[in-house]
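Single-letter residue listing:
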Amino acid sequence: MLPIILLSVFGIVLLFMGFLKSKVLLLPATLVFILAALATTFMDWGKTYLYFQNMLLTNNLAILFTTIVLLSAFMVVALSNSFIEDEQAQPAEYYALLLFSLVGAIMMISFENLIMLFVGVEILSVAMYVLAGSDKHSPRSNEAALKYFLMGAFATGIMLFGIALLYGATGTFVVSGIKSYVYTNAYGVSLLLYMGIILLLIGMLFKVSAAPFHFWTPDVYDGTPGLFTAFMSTVVKTAGFAALFRVLSVSFVGVYSFWWGTLAALTCLTLLIGNVTAVYQTSFKRMMAYSSISHAGYLLIGLTALGTQTKQALVFYSLAYSLATISAFGVLLVVSRQRQDTNGVNENFDAFNGLARQNPLLGFVMAVSMLSLAGIPLTAGFWGKFMIFTTAADKGIYWILVFAVLMSTVGIYYYFRVIIAMYFREGAAEPVKVAPFYRYVLIAATILTLVLGLAPGLLEGLV
Amino acid sequence: MNASYLPSDYLPVLIQLGLALGFIITTMIVTHSIGPKRKSQKKDDPFECGIPVEGDARTPISIKYFLIAILFVLFDVEVIFLYPWAVNFKGLGVTGFIEMVLFMGLLLAGFYYIIRKGVLKWE
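Going down the list, the sequences are from chains Z and A. Going by our numbering, the first residue of the first sequence is number 1212, and it counts up by one from there. Going by our numbering, the first residue of the second sequence is number 56, and it counts up by one from there.
One or more of the hints may lead you astray.
[Stated by the list, open to error] Derived DEER-like restraints, expressed as beta-carbon distance ranges:
{"#": "1", "chain 1": "Z", "residue 1": "Leu1589", "chain 2": "A", "residue 2": "Phe136", "range": "51 to 61 angstroms"}
{"#": "2", "chain 1": "A", "residue 1": "Ile80", "chain 2": "Z", "residue 2": "Gly1607", "range": "39 to 49 angstroms"}
{"#": "3", "chain 1": "A", "residue 1": "Leu69", "chain 2": "Z", "residue 2": "Val1220", "range": "34 to 44 angstroms"}
{"#": "4", "chain 1": "A", "residue 1": "Tyr65", "chain 2": "Z", "residue 2": "Ala1476", "range": "53 to 63 angstroms"}
{"#": "5", "chain 1": "A", "residue 1": "Phe166", "chain 2": "Z", "residue 2": "Asn1271", "range": "50 to 60 angstroms"}
{"#": "6", "chain 1": "A", "residue 1": "Pro115", "chain 2": "Z", "residue 2": "Ile1658", "range": "48 to 58 angstroms"}
[Claimed, not checked] In silico DMTMM-like links for lysine to aspartate or glutamate, alpha-carbon gap of 25 angstroms or less:
{"#": "7", "chain 1": "Z", "residue 1": "Lys1347", "chain 2": "A", "residue 2": "Glu133"}
{"#": "8", "chain 1": "A", "residue 1": "Lys119", "chain 2": "Z", "residue 2": "Glu1298"}
{"#": "9", "chain 1": "A", "residue 1": "Lys97", "chain 2": "A", "residue 2": "Glu109"}
{"#": "10", "chain 1": "A", "residue 1": "Lys119", "chain 2": "A", "residue 2": "Asp100"}
{"#": "11", "chain 1": "A", "residue 1": "Lys172", "chain 2": "Z", "residue 2": "Glu1296"}
{"#": "12", "chain 1": "Z", "residue 1": "Lys1347", "chain 2": "Z", "residue 2": "Asp1297"}
{"#": "13", "chain 1": "Z", "residue 1": "Lys1358", "chain 2": "Z", "residue 2": "Glu1296"}
{"#": "14", "chain 1": "Z", "residue 1": "Lys1358", "chain 2": "Z", "residue 2": "Glu1333"}
{"#": "15", "chain 1": "A", "residue 1": "Lys119", "chain 2": "Z", "residue 2": "Asp1561"}
{"#": "16", "chain 1": "A", "residue 1": "Lys119", "chain 2": "Z", "residue 2": "Asp1552"}
{"#": "17", "chain 1": "Z", "residue 1": "Lys1644", "chain 2": "Z", "residue 2": "Asp1552"}
{"#": "18", "chain 1": "Z", "residue 1": "Lys1390", "chain 2": "Z", "residue 2": "Asp1605"}
{"#": "19", "chain 1": "Z", "residue 1": "Lys1232", "chain 2": "Z", "residue 2": "Glu1296"}
{"#": "20", "chain 1": "Z", "residue 1": "Lys1644", "chain 2": "Z", "residue 2": "Glu1298"}
{"#": "21", "chain 1": "Z", "residue 1": "Lys1234", "chain 2": "Z", "residue 2": "Glu1304"}
{"#": "22", "chain 1": "A", "residue 1": "Lys98", "chain 2": "A", "residue 2": "Asp111"}
{"#": "23", "chain 1": "Z", "residue 1": "Lys1232", "chain 2": "A", "residue 2": "Glu178"}
{"#": "24", "chain 1": "A", "residue 1": "Lys176", "chain 2": "Z", "residue 2": "Glu1304"}
{"#": "25", "chain 1": "Z", "residue 1": "Lys1234", "chain 2": "Z", "residue 2": "Asp1297"}
{"#": "26", "chain 1": "Z", "residue 1": "Lys1232", "chain 2": "Z", "residue 2": "Asp1297"}
{"#": "27", "chain 1": "A", "residue 1": "Lys94", "chain 2": "A", "residue 2": "Asp111"}
{"#": "28", "chain 1": "Z", "residue 1": "Lys1358", "chain 2": "Z", "residue 2": "Glu1304"}
{"#": "29", "chain 1": "A", "residue 1": "Lys176", "chain 2": "Z", "residue 2": "Asp1433"}
{"#": "30", "chain 1": "A", "residue 1": "Lys145", "chain 2": "A", "residue 2": "Glu133"}
{"#": "31", "chain 1": "A", "residue 1": "Lys172", "chain 2": "Z", "residue 2": "Glu1304"}
{"#": "32", "chain 1": "A", "residue 1": "Lys98", "chain 2": "A", "residue 2": "Glu109"}
{"#": "33", "chain 1": "A", "residue 1": "Lys172", "chain 2": "Z", "residue 2": "Asp1297"}
{"#": "34", "chain 1": "A", "residue 1": "Lys172", "chain 2": "Z", "residue 2": "Asp1552"}
{"#": "35", "chain 1": "Z", "residue 1": "Lys1234", "chain 2": "Z", "residue 2": "Glu1296"}
{"#": "36", "chain 1": "A", "residue 1": "Lys176", "chain 2": "A", "residue 2": "Asp111"}
No lab work stands behind these hints: they were computed from the structure. Beta carbons are placed, not taken as given, at the ideal position from N, Cα and C, and that holds for glycine.
Just chain Z, same shape as in the assembly:
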């Protein structure tokens, strides 16, 4: 569990690096720190270890999820070169908070004790509340931070109540201890256990913005500065689903018949609300918020149809979704900043008008990312959806499959609006300027998306 210690120490180091006169060192230092954490993650590859008095458990699945989270964070940080020019920005604090939130994410991914799940969720969320309000002079950013904080604190309270009830029912906080309780009392499980499961699920589903706990998502994603929205919609979601998978697949798999119906209903509701509401958006950023709700729905299918294929599907889908989301936000960031309208940054669909003619590269990156999010073949998103749908088919839950396919056709409509705006509309004449390093990151994300789309077997057999 070296990454947790390293990231905590590096975060403090970054805070002190903020006192240096020049801010130039901060960005490369943060990238090196994340890479160092990523390298130490693989020290435990192929083994199963318990750390910190049985509080955390690492296995290959946890390492893969940690890799996705750290990779996403690396790419988000690499896209943050605009902080150096911004007078108002405080990059040292932002980067330190990002590293601290990664500590929380890793704890959520590899917890063995429910206390660690709670602590991880809190570390991640508190850092996110601050970053949501990091644009101090924008009322929308302030609103986002306040909304996220109030609702997040409430959801955490519900989750903690659920954990307390689980302790009341089983007498243990340990994930595998709850599992053995469920198996030894297969016919007479305490009622408290059921209530605990439901409350814990509510708290976690809030964090991954599944309906009907999604109401904060559009406003918070919209108001938060774009870079941190990208972080929120990739790292928080991946960590949240890793935590949900661990608790459902280890502790509660014995009472699958109890919770699968609830989860199936929520899955369908999430898919319906996410996809249908996204159609009506005029702001691209808000559309991405609803799209992230709908992707939470697809990931939930994998959990509803919990089986042997689920973990592989979740890993692949999270990776594909994170890559596509980061490149979409990367293009949005640079375009919205340089094509401003009267209200400041322009985050609407019309900001992309004619982009492909002036900036073929940005147009291509965005097109691939939209195709991947829509699940068109030859992109990683297609195989992600394919694997998720396979889990449902294996379990024999065909109605959810039909519904999800219907909803993903709705998704094609709003993802293609961006492509149409870029390729078939007339827009501003001057091209958007992109820094070289920024361009490399976008190209890398796009290439990874295409490679995973052409050779989805690359990740096979790792978990």
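Once you've looked at the hints, dock chain A against the given chain Z.
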């Protein structure tokens, strides 16, 4: 898990709850029905005696008060850890000492950070 408690064992709690509720409800009904009623400007004030109310509660207060308050709580809570450590100093041995030095190091790093940030400057 101690499974030897029966639902009837919780009866005293229920009785206590009933008594507490009953007392409140009874006193409220009785005071409202037998007490004299006088209404005046002074009677309707939130504070009947003392300094007259001025403005409303939404006056902006300098952020510095909050910062000082939160820093006080932080360092206050951290000092609490020193007491059990001091009591068990011999028992915890070298490991305890190293852990405490780490803890104090982090604490002092935070202290240095807030001084450098100028949080304690009051103009």
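Evaluation of the provided hints:
Against the hinted window of 51 to 61 angstroms, the Cβ-Cβ separation of leucine 1589/Z and phenylalanine 136/A comes to about 57 angstroms, which satisfies the hint. The hinted range of 39 to 49 angstroms is not satisfied by isoleucine 80/A and glycine 1607/Z, whose Cβ atoms lie roughly 56 angstroms apart. Between leucine 69/A and valine 1220/Z the beta carbons are some 53 angstroms apart, a value that contradicts the proposed interval 34 to 44 angstroms. Taking 53 to 63 angstroms as the suggested C-beta distance range, the pair tyrosine 65/A and alanine 1476/Z does not conform, at roughly 35 angstroms.
About 41 angstroms separates the C-beta atoms of phenylalanine 166/A and asparagine 1271/Z, a value inconsistent with the hinted range of 50 to 60 angstroms. In this structure the hint that proline 115/A and isoleucine 1658/Z lie 48 to 58 angstroms apart at CB holds, the actual value being about 52 angstroms. The suggested pairing of lysine 1347/Z with glutamate 133/A is violated, with an alpha-carbon distance near 30 angstroms, which exceeds 25 angstroms. For the given pair, lysine 119/A sits about 23 angstroms from glutamate 1298/Z by alpha-carbon distance, which is consistent with the 25 angstroms threshold.
Taking the CA atoms of lysine 97/A and glutamate 109/A, the gap is near 14 angstroms; set against the 25 angstroms cutoff, the hint holds. Taking the CA atoms of lysine 119/A and aspartate 100/A, the gap is near 31 angstroms; set against the 25 angstroms cutoff, the hint is violated. Distance check on the hinted pair: lysine 172/A and glutamate 1296/Z sit about 21 angstroms apart at the alpha-carbon level, within 25 angstroms; holds. Simply put, lysine 1347/Z and aspartate 1297/Z have alpha-carbon atoms about 13 angstroms apart, close enough for the 25 angstroms limit, and the pair holds.
Using a Cα cut-off of 25 angstroms, the hinted pair lysine 1358/Z and glutamate 1296/Z is violated, with the two alpha carbons roughly 29 angstroms apart. Restraint check: the Cα-Cα separation between lysine 1358/Z and glutamate 1333/Z comes to about 16 angstroms, which is no more than 25 angstroms; the hinted pair holds. Under the criterion of a C-alpha separation no larger than 25 angstroms, the hint pairing lysine 119/A with aspartate 1561/Z is inconsistent with the structure, at around 44 angstroms. Restraint check for lysine 119/A and aspartate 1552/Z: the C-alpha separation of about 37 angstroms exceeds 25 angstroms, so the hint is violated.
The hinted pair formed by lysine 1644/Z and aspartate 1552/Z meets the criterion: a straight-line CA distance of about 17 angstroms does not exceed 25 angstroms. As the CA atoms of lysine 1390/Z and aspartate 1605/Z are separated by approximately 24 angstroms, the hinted pair is consistent with the 25 angstroms bound. Our distance criterion of 25 angstroms between C-alpha atoms is met by lysine 1232/Z and glutamate 1296/Z, whose separation comes to about 14 angstroms. Taking the CA atoms of lysine 1644/Z and glutamate 1298/Z, the gap is near 20 angstroms; set against the 25 angstroms cutoff, the hint holds.
Only pairs whose Cα atoms come within 25 angstroms are accepted, and lysine 1234/Z paired with glutamate 1304/Z is accepted, the gap being roughly 12 angstroms. With a C-alpha separation of about 18 angstroms, the suggested pairing of lysine 98/A with aspartate 111/A holds against the 25 angstroms cut-off. Between the alpha carbons of lysine 1232/Z and glutamate 178/A the distance comes to roughly 23 angstroms, so the proposed pair stays at or under 25 angstroms and holds. The suggested pairing of lysine 176/A with glutamate 1304/Z holds, with an alpha-carbon distance near 20 angstroms, which does not exceed 25 angstroms.
With a C-alpha separation of about 11 angstroms, the suggested pairing of lysine 1234/Z with aspartate 1297/Z holds against the 25 angstroms cut-off. For the proposed pair lysine 1232/Z and aspartate 1297/Z, the alpha carbon gap of about 15 angstroms is at most 25 angstroms, so the pair holds. A hinted pair counts as satisfied when its Cα atoms are at most 25 angstroms apart, and lysine 94/A with aspartate 111/A qualifies at roughly 23 angstroms. Among the hinted pairs, lysine 1358/Z with glutamate 1304/Z is consistent with the structure: their alpha-carbon atoms are about 22 angstroms apart, no more than 25 angstroms.
For the hint pairing lysine 176/A with aspartate 1433/Z, the CA-to-CA distance comes to about 36 angstroms; that exceeds 25 angstroms, so the pair is violated. Under the criterion of a C-alpha separation no larger than 25 angstroms, the hint pairing lysine 145/A with glutamate 133/A is consistent with the structure, at around 21 angstroms. With a C-alpha separation of about 12 angstroms, the suggested pair lysine 172/A and glutamate 1304/Z falls inside the 25 angstroms cut-off, and the hint holds. Distance restraint check for lysine 98/A and glutamate 109/A: the Cα-Cα separation of roughly 17 angstroms lies within the 25 angstroms cut-off, and the hinted pair is therefore satisfied.
Between the alpha carbons of lysine 172/A and aspartate 1297/Z the distance comes to roughly 19 angstroms, so the proposed pair stays at or under 25 angstroms and holds. Distance check on the hinted pair: lysine 172/A and aspartate 1552/Z sit about 36 angstroms apart at the alpha-carbon level, beyond 25 angstroms; violated. Of the pairs offered as hints, the one joining lysine 1234/Z and glutamate 1296/Z holds, with about 10 angstroms between alpha carbons and a cut-off of 25 angstroms not exceeded. A hinted pair counts as satisfied when its Cα atoms are at most 25 angstroms apart, and lysine 176/A with aspartate 111/A does not qualify at roughly 29 angstroms.
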